[in-house]
Every structure is written in structure tokens, then in C-alpha cells.
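*Asks:* Chain by chain, the residues:
Protein chains: 2
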Amino acid sequence: MAYFDAASAAPLHPVARQALQASLDEGWADPARLYREGRRARLLLDAAREAAAEAVGCRPDELAFTSSGTRSVHTGIAGALAGRRRAGRHLIVSAVEHSSVLHAAEAHEADGGTATRVPVGRGGAVRAQSYAEALRPDTALACLQSANHEVGTVQPVAEVASVCREAGVPLLVDAAQSLGWGPVEGDWSLLTASAHKWGGPSGVGLLVVRKGVRFAAQGPADERESGRAAGFENIPAIVAAAASLRAVRAEAAEEAVRLRELTDRIRERVPELVGDVEVVGDPQRRLPGIVTFSCLYVDGEALLHELDRSGFSVSSGSSCTSSTLTPSHVLKAMGVLSEGNVRVSLPLGAAQEDVDRFLRVLPGAVTAVREKLGAPEPSTVVREDALVVDAVGKLCPLPVIELAKVIGDVPVGGTVRVLADDEAARLDIPAWCAMRGQEYVGEEPADQGSAYVVRRRV
Amino acid sequence: MAYFDAASAAPLHPVARQALQASLDEGWADPARLYREGRRARLLLDAAREAAAEAVGCRPDELAFTSSGTRSVHTGIAGALAGRRRAGRHLIVSAVEHSSVLHAAEAHEADGGTATRVPVGRGGAVRAQSYAEALRPDTALACLQSANHEVGTVQPVAEVASVCREAGVPLLVDAAQSLGWGPVEGDWSLLTASAHKWGGPSGVGLLVVRKGVRFAAQGPADERESGRAAGFENIPAIVAAAASLRAVRAEAAEEAVRLRELTDRIRERVPELVGDVEVVGDPQRRLPGIVTFSCLYVDGEALLHELDRSGFSVSSGSSCTSSTLTPSHVLKAMGVLSEGNVRVSLPLGAAQEDVDRFLRVLPGAVTAVREKLGAPEPSTVVREDALVVDAVGKLCPLPVIELAKVIGDVPVGGTVRVLADDEAARLDIPAWCAMRGQEYVGEEPADQGSAYVVRRRV
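These protein sequence lines map, in sequence, to chains D and Y. Residue numbers for the first sequence follow this note's numbering, so the first one is 1 and each next one is one higher. Residue numbers for the second sequence follow this note's numbering, so the first one is 1 and each next one is one higher.
By construction, these hints were calculated from the structure, which means they are not laboratory data. Yeah, the Cβ is synthetic: ideal placement off N, Cα and C, and Gly gets one too. One or more of the hints may lead you astray.
As the list claims (entries may be wrong) - Stretches of chain D that chain Y covers, calculated by requiring three or more beta carbons in the stretch to come under 8 Å of a beta carbon on chain Y:
| id | stretch |
| --- | --- |
| 1 | 146-152 |
| 2 | 164-178 |
| 3 | 235-245 |
To be verified - Computed far set for chain D versus chain Y, every beta-carbon distance over 10 Å:
| id | residue |
| --- | --- |
| 4 | R33 |
| 5 | P156 |
| 6 | G186 |
| 7 | S226 |
Turn these sequences into a full structure, and let the hints steer you where they fit.
*Replies:* Okay, here's the thing in C-alpha cells:
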């Protein structure tokens, strides 16, 4: 059994466990009290703040402990926007941020603010130039992740921070995926992170606000954590978070090399072992432990189920694995295939033999799913000028499977129209065309859903 | 050494510790994921929700786990107010709620809403009739604690709930201090609580919203915990919270009797052992483990320090122990003495011998503080019609000490004016008059601070 979903939640690091257990006895009292139990709790909290600040590269009084990375993001964005309200109410985020950032942007828009979503290239990275173009006189805040949580692509944070700094706009960096590997470079203004992503316990987030950054905490007043995280401090978990951050940093350089070799192996071998696969994300500028690929003609949920049965825990950005039946916004923004999507994110200490076994198991799992799905006959009718595939009512990946089955019947230079009402088809049919060297002509309204027009080129 | 501040934070219950440690191995993964680690986490979360709901007396789908009691209060009040926005924007709270409720009310007012603070009697309890009088056609929500955190007085929640129900207004009950002792009676609509008050770990709050109550969660969207608690679930802590709630409930009936005997003893003996003491809070309708008293002519911080040196950890609502140098809003609303205030809140299992030792130590500690403070000479000047005590620039309890020193020089029927600019004097001089049978005439503006006029009656 191998857990390959560290980007969702990392197993508790042994140092975190030790620190948590040790501080359950010392850290339960109210650190605001002056009696001995309170003073002990305060000492633990202060020491944890010192350690976390050192790892982040900030002053201790710039760092607040919140109850989660999501809470840090929500509080950080709301407070920075309110602090800069005089400048205006325009927010910039990248299109591939974590949902907590995008939801904060939506809440800001619902409240009358405006937001620009900066696009990414096919590798998943933004360009600093795109942030420069998005900046306006009324921009209050810009947000950028340090690295993407679904495909591992590292973002040009230092360049974007410099562009923002020139415009006098603070940059908030969501460092949830990268903080365990090292401090965030560049002249950022706010930073958020989540302890359970680096092997710390659940229930601890970091919110860093650099001195001099205008910040007005929203919501009811609360005196704890500089007014930036309401509620009683969870000191045992905070101590465990800080101790484990220090511990993972101590092993980061060595472990990064090892995990990068393992993910390099997956990136190389998967396309050789499994046909019709697209490995997504930047091949160079990426986190050590994350690799993501999409398999044509595969139902993501069925594939995850097959892999789980073989003892592998991975996640997927395919539409069929989401509660809303829409593909991952990250894959969508990158314009890459979302069907049959698998994200492998290796925890610290992931064993090479588990990766090797994954590579042995994967081809059979993909084949099994494809065989199950390959059964339906394509329902094709010939019209005057073009072949029509009716995939209305069929969910991802069936529309693409049906397209692939008929493309051979189309004369080179001729077109085929795929009728589909599944949301994922809008993303996956163009992605299939790009992978196959066919021309994606465009989308037209149809009686039900849309017609996707493809011209055969090869 | 004895920790007598359980109302701030209870030491971790052994069952909480066991459950936490056991679930660190099983509960770290994302419960939204379908692989085995995620399914195990989901099972733990579901079981904890069932157990907590049973203890509260609600349906599991009515209960969300938040990151703290404060967070539950903030989220509950904001969501209930927004859900009833069509009814109006009027909020009712009692004057003695926890600061999290009062801060939420202030935030609501700052946002353009209105709030009524229902007064309490000298025992600290509200009357249902006062809530009935406060209800208006535009009242969106009423809030009432189940029992007071500073003096232990139990509130008439069922009566107030019934009054609110008749008016069609939901009642939110902050049950932080009482949930370990038993479910909250009455037909309430929302309930909040905090695990570390009953011996659970830090980092877990409960927010219960009854079916049919209009509720619109505020802030950015998040799919976890029915959209009512953003951020990754802290499952090990949640499991520990639920397990310990069940455990403390199992011992509640027996332990309530035992702790009530101990606090009864403190209530009886302290006025006998220490002169010039007022025991505050309702003597009958009160929590088993809390007893609060105030000592005339005593500096609360100095007394806490003396008690800490003798091995007792207690808290105080005196102005000198608060960062804002204002007396506790609870003591203020009750109109009782705030100087030399001591709250003893016994944890489960508190030993009788520790209480006995506290009663032996207290008189000497009070005497020591009074001797230190008794030194300054009163600066008195005789005016035409009244004695004037100039206590400007002197902090609590010095103005009252100076008043006490000169009252004997005032002829019966004559008045003395105490000039003071310490905020606590406004509360403590009238309270001293009530305790001493003197007449408090009133407050007049003065060059610096106020003049408090007292007529000698005895």
C-alpha cells in the first residue's frame, strides 16, 4: 500500500508527533494568563513562533498562527484588501490558485469588488508580464501561489513580486505546497501556508504580514494572534507544526533530489508504458514530489478506483471525480487534457519500490478502464458536409472516445461534429486535437449542449 | 500546585489524550478523498459527529466542527443574521456574554446593524421578560449564554428560548461553559461550544444549526463542514473532542455534586476568613465548579501573583489584570465590586485538600496585598461643604482605599467627593457604598476624571 497524495495531506511527521505529545502536557493552558501554566504555554507559543518565522524568513511579530491554510488565505486576502481600500477594490489572482484563493476572489466580487484572473501557459506557469498588464491604479492586492498544487509547476514569484512592488501593490503568496522545501524567494508582502502539507498536524496555518503592509483584519475583534486569528490558540499543534517544519527543512535538500528522480522516472516511463497519455506541468520548474498525467479514453474515477484496489492512493482533477462534475480549474486554465487525470504526489520518504510497483500496475489499470469504456458503439450519422457524432448525455471520457473512433472515417481536410453536453468535452476535445495533431475548429451551439467541430489533418 | 482556572481552559482529559493519539495514525488524510486513507478519516469524522450530536441532542447533519468556540460564535452569529436579513438587522445579546459574542455584536453595529444588550440582575442572570421587551419586529437573532463564564450563574435559557420562539426569532445559545455538564434545555435554534472547556483538545468548536433555521454562511465558499467551517478538518482533535465529551458526561452527575460541595465551601468560608469580601453570582442557579469573589482594598493582579506563588492558578476580572485596564464587563453589568476579584473554577477531579489549602492560604495573601497598598497617605483637603479625596492618577483599588480611610472623618449625613480618573472607580465606589451601607450620590465631571460623591449614612 502506498499513499501518493501528499499534496492533499501529508502523513504526520515523526517529529510532529513527538512535539505534539510532549506539548499536550505543557501547552493546554491560556497563554494570556499570568499563572505558571499560562506562562509555560506562552513560552511554547513564543518559541514556536520564533522557529516558524526563522523558517519563513520573517520577523516573529509578522507571523500569526491560524487554524488552517484556507483560513490564512481568507483572512489574509480580506485583511489586505480592506487595508488598501483607499487604493481601490481590484484584486489580481492567477487562474490556477488553490480554491481558497479563488473563493475569496469570488466573495470579493460578490461584495462589489473586481478581480482579474491571470492566465497561465500550457505548463501551468504565469508570466510576470501578465501580472504587469493586469495591474491597475485601483489594484489593492495581487495573489500568486509559490507552486501549483495539482501539477507541481513552480511560479515566478520573485519576478511577480518585483513587478507588484514597482506598482506599490502588495503580493500575497500562497506557499502551501512549497514551504516545506524552502523559504519563498522575492520581495513578497504576505504569505500563507498550511502545516499539514509539510507533515505537521491538521489545524495550523501560517499568516505572515510584513511590517509596513497595510492590513485591517475583518470580522469581530479578537485580541489573540495580533488580532489576525480569532479563538483560543491550539498550542500543542502549533508546537508540532513549527518543530516539523524545522525537521523537514533539515532533510529538504537531500529529499528533493531523491523525490525528483522518482517523479522524473514517472514522467519518462508513463508515456512509454501507457499509450495516449499527456504528462502535464512544467518539466523543469516544478516541485520535487508532484507529477500529473492524463490518459485519453479513461474515466478518472474508475482509474482511481482501480489504483486504490492495487494499493495506491492518488487523486485526480477529472470531472468525474469532482462533486460538481466539472474538470479541475487548473487543467482547464492550462488547456490540457482532463480526462483520466492522475496526480501522484509523493510524501517524504516515499519508497522507490513503491514507485516501481506503481509503474508496473498502472498500464493494466488503464487498460482495464479503457476496455470497460470501449464497449459502446459510436452513434454516427452522415450529414451533407460533415460526420456527426452524437454523444449527448454521455459523460467524460465517452465523447472523446467516440470522436477517436470515427476520425479515421473522415477524409483528411474534412470535418466531424461532436454533439456533447458534458462540461468536460469543452476542454478535452481541443486537448485531444492538440495531442493528435488534428485541428480544433471551434464550438457551436446545438439543440442540446454544443457541437465541437474537428478537422482531420493527419 | 493547583490549577483552578478550568473556565479558561481545562487540562486535557485522559480520554481526549488517548483518542487523539489513536487517531493521529488514522485521521490525518483528507476525508473528501475516496482512497482508503480518506475513507478511514471519513469514518472517524462521521463517528465523532454522531457522538457529539448525541451529547448535544441534535441531528448529526445539524452539527459542524469549527476550529474554536470563538469561531463558532462568530460564524453562527454572522450566518444567522445574514439568513434573517429580510426580517431586519436587530440583534439581541445579554450584557454578560463572552467577549466573542459581544465583539460579534460590535462588528454587526459597525456594519450598520443594531444591537440591544439585555441587562442582568446583581446575581448575573437575565430575565426572560427583558428579552421579551427587547424583541422588535426587525429582530433577526437573539443570543444568550447557557451559563456565565466569570461568575457561573446559569441563565434561564429555556424561558428565553420560548419567548424568542413565540416571536419567531431564533435563539443562539453559547453553551461553552455548560455543555460538559449536560445538554442545553429548551427550544433553542443555534448552539455553540468549545472542546477545550470540557477537557477536549484546543482547536475544536461546535456549531449547531437546527434544521429549518435560516442560515447563510458568510465569507468565501468552502465545501467542508456543510460550508460552515472553512479549511481542512482537524480529525484527530475532533475525535478527541467527541470522545472526551462523552467521557465527561458519564461522570458529570457525580462530579457536579462533588464540585458543588467544594465551591459551596469556598462561598461560605471566604467571607468568614477574609474581611470585606463580596461573593458574587447566583448562589443557587450556578455551575458546579465556579465561584467568584471580590476583596475590597485589594489589587487583583497583586493577589493573583501572591496566589500563584503559593501554587494556585486563578483568574480575575479586576481592571488591573486586563490589558485595557477596564474591569470585567460581566462584573460591571452586575454592578458588583470588581477590585480584588478572584475567579476559582475547579477542573474535573479537583482535590478537596487543594481547596482546603486554598482557604488556608487566601487570608494571608489578601492581608499581604492590603498591607502593601495601605501605605499611601490619603491626600485630603477640606472644602466649604465637603471633604475631597484627590485620587487622580491612582489606579484601582487605591481610590476606594482612600475613600475608606476618610469616611470616618465625614459627619453622618455629610458628603465626601472622590476625585479619580481610573475607569474602575466608576464601578467600585458605588459597589463599596452598597457593601458598606453608605449612600452613593452620583458622579460629576471634574477637571481630571470624575468626582464621585458619597454621603455617609452609618
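*Asks:* Now tell me, hint by hint, if it's right for this structure.
*Replies:* Quick rundown of the hints versus the structure:
no.: 1; hint: 146-152; in the structure: violated (count 0)
no.: 2; hint: 164-178; in the structure: violated (count 0)
no.: 3; hint: 235-245; in the structure: holds (count 3)
no.: 4; hint: R33; in the structure: violated, 6 Å
no.: 5; hint: P156; in the structure: holds, 26 Å
no.: 6; hint: G186; in the structure: holds, 26 Å
no.: 7; hint: S226; in the structure: holds, 13 Å
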